[in-house]
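Chain B: place on chain A using the hints.
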Amino acid sequence: MPTLTPPPTKLPPSTHPYAEVIHRLEAGGSMLPDTEENLMQIIGIYKAYAVPMDFYWRDLLYIAERVFLNPLPFFKYFLPQDYLDLPNHYAGESADYRVWQKGEASAHPELLEFIQNGETKQGIPRLLHHLWHDRINMEFAEACMRAMLWHQGMGGQFNDYLESEEYLANADRAIKAYFKGNPLMLGLYKLFPQMFYEKVREASYYANLGLFWEVMAPVFFEMSDRYDAGEFKTVPDAMDFLVNGIFIAAGRPIYHHVYIEDECYEIIPKSKGFTWLYEAALPYVEAIFYRTSPFRGTKSYNAQAGQVPDEQKDFHYGILYADVSPVGTAGIPPTLLMQDMYHFLPDYLEDYYQQHCRGEEDKLIQIGVTFQRSMYNVTSAVIQALRTALLYPLDDPNPEHLLKNRQFFEQQLDRFLRPEARLPDIQSQDYR
Amino acid sequence: MPNIVEIAVSNDAFSTLVTAVKVAELVDALQSPGPFTVFAPTDDAFAKLPPGTIDTLVQNIPQLQRILKYHVVAGKYTTEQLRELEELTSLEGSPIPIRCQTEGFEVKNATVLQADIEATNGIIHVIDTVILMG
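Sequence order for the protein chains is A and B. Quick note on numbering that gives the first Met the number 0: the first sequence kicks off at 0 and runs consecutively. Quick note on numbering that gives the first Met the number 0: the second sequence kicks off at 0 and runs consecutively.
The following block holds chain A by itself, in its conformation from the complex (with noise of 0.2 Å):
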């Protein structure tokens, strides 16, 4: 059972309705309450999220830097050797700065088992394995992109330079390239540009999930591997890794490179200055792990029928939100993510998800709501970076300062408020 956190010194207690929670993040803990059987299941998720994840950005760089405007993409999902061999930046010996310390650099070699020989185990073609649907869903991963491109002004200036004259004018070096020789396309472009300017910012955005993504495996694979040494003991050692991971990653450049016979055009050019932490990862966890959209069919955008809220920043369809029920239906994009983590669960999870609910029935089910648990671990990470970054250390003496730092977890947690955050549900073992 988790236990109850007395409130810090100095400030009376909260009296938000999330008080307990408020002082557990006041005294460095997570939203996660800290039991062994929680962080059994977000390291056990964290390493069946890595494995999918270590395909997803090398595929998003490559549909980003190669496939780019191709208007037949048939083979985007095929990666060709080169960007399963793309060296990680945080992992192996030629990383920039070596997060996973065993992992080699290039692809995970239970991704690419997965890709020989997928679910059915039977050495039929590739092709085969694709139609069969046998293979990794990066339909997913192009739905987090979708969200990404589709919320946009989520702070940080990437989506500003998205308009500017400059890139309009680095995207049209690189249409009029790509397409050189190709009138029927050429001259769309001319009659139609801002579909193709609308094209290439698509592709800029699959560039920024792939390179914020390129991060997160390796710090996934190495948080798991640290828990399987007895490292880490508690979910605030999984938290804090989390965080420094964070601040370890939060200078490196987010651009938009394009390869087009082998030369480069830089449509986001490094040079922007632009950065993990203010370009990618917070507009990430605002899209995804917050607003992303209904599922399709499900709600109305009609007006009248007030279906979804009139702001798209109210928009709270993400998993912290999700009812994980209907993952397993057709349509719904985190199914396709359980999916994918189901191929890579660790023996301790899969004996875990026999024992519990109908076993092997609704294991989707069960790895939603893991995935759900785990999510809320890396939103807490991400709040308390925030707040390590803009505000106070958690043993500030001066009160003030540690009001202004309950006043932002405050505000941080109003979030949850609604009655579709899933904050409360997680606080017990019984939600499964």
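A couple of the hints might just be wrong.
Cβ-to-Cβ under 8 Å is the rule here; a few derived chain A residues that face chain B [said to hold, decoys possible]:
#1 F240
#2 A249
#3 R251
#4 P252
#5 S270
#6 G272
#7 L390
#8 L393
Computed from the model, here is a short list of chain B residues facing chain A with C-beta under 10 Å [stated by the list, open to error]:
#9 L48
#10 D54
#11 L56
#12 Q62
#13 K68
#14 T88
#15 T128
These are computed hints drawn from the structure, not numbers from a lab. Since the structure is predicted, the reported quantities are computational estimates derived from the model, not experimental observations. For every residue, glycine included, the Cβ atom is placed at its ideal position computed from N, Cα and C.
Leaving out everything else, chain B in the frame of chain A:
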């Protein structure tokens, strides 16, 4: 009177800042006539950042420049002048909240350790925390 860079170089408490400014190729800019107001974090301030933060930044000059530019404001603002203001706009483009209306002098989440160090091309306020945008 020395300029902003000369003051920083001559003070042992700014060795990380001086290194960062050199790596970011901002020395010439900070030696120009300006004037500038610089919120200068001490070595202890940089040491408070979680491990690895600076390693990534020094490998990526445009990104490092952006963080450093957040510590610089165009124009010379003394404490006296800042009492009238609630925020300044940094060279990076993001606002820096200032609180020195009553007692104490705080810049965002940093506390000013020493204010109003005059230079030929501006003024330096020494701060105890690296400030970040957002």
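Each hint, compared with the structure:
1. F240: Interface hint status for F240 of chain A: violated (11 Å vs cutoff 8 Å).
2. A249: holds, 6 Å
3. R251: Status holds, d = 6 Å.
4. P252: holds, 5 Å
5. S270: With a minimum Cβ separation of about 5 Å from chain B (threshold 8 Å), the hint on S270 of chain A holds.
6. G272: holds, 4 Å
7. L390: Given a least distance of 5 Å, the restraint on L390 of chain A holds.
8. L393: violated, 13 Å
9. L48: holds, 7 Å
10. D54: For D54 of chain B, the interface hint holds, since the closest Cβ of chain A sits about 6 Å away, which is under 10 Å.
11. L56: At 4 Å from the nearest chain A Cβ, L56 of chain B passes the 10 Å test, so the hint holds.
12. Q62: With Cβ-Cβ at 4 Å, under 10 Å, it holds.
13. K68: Check passed: Cβ of K68 of chain B comes within 9 Å of chain A, closer than 10 Å.
14. T88: Because about 14 Å separates T88 of chain B from the closest Cβ in chain A, which is outside the 10 Å limit, the hint is violated.
15. T128: With Cβ-Cβ at 9 Å, under 10 Å, it holds.
Violated hints, in rising order: 1, 8, 14; the structure is consistent with all others.
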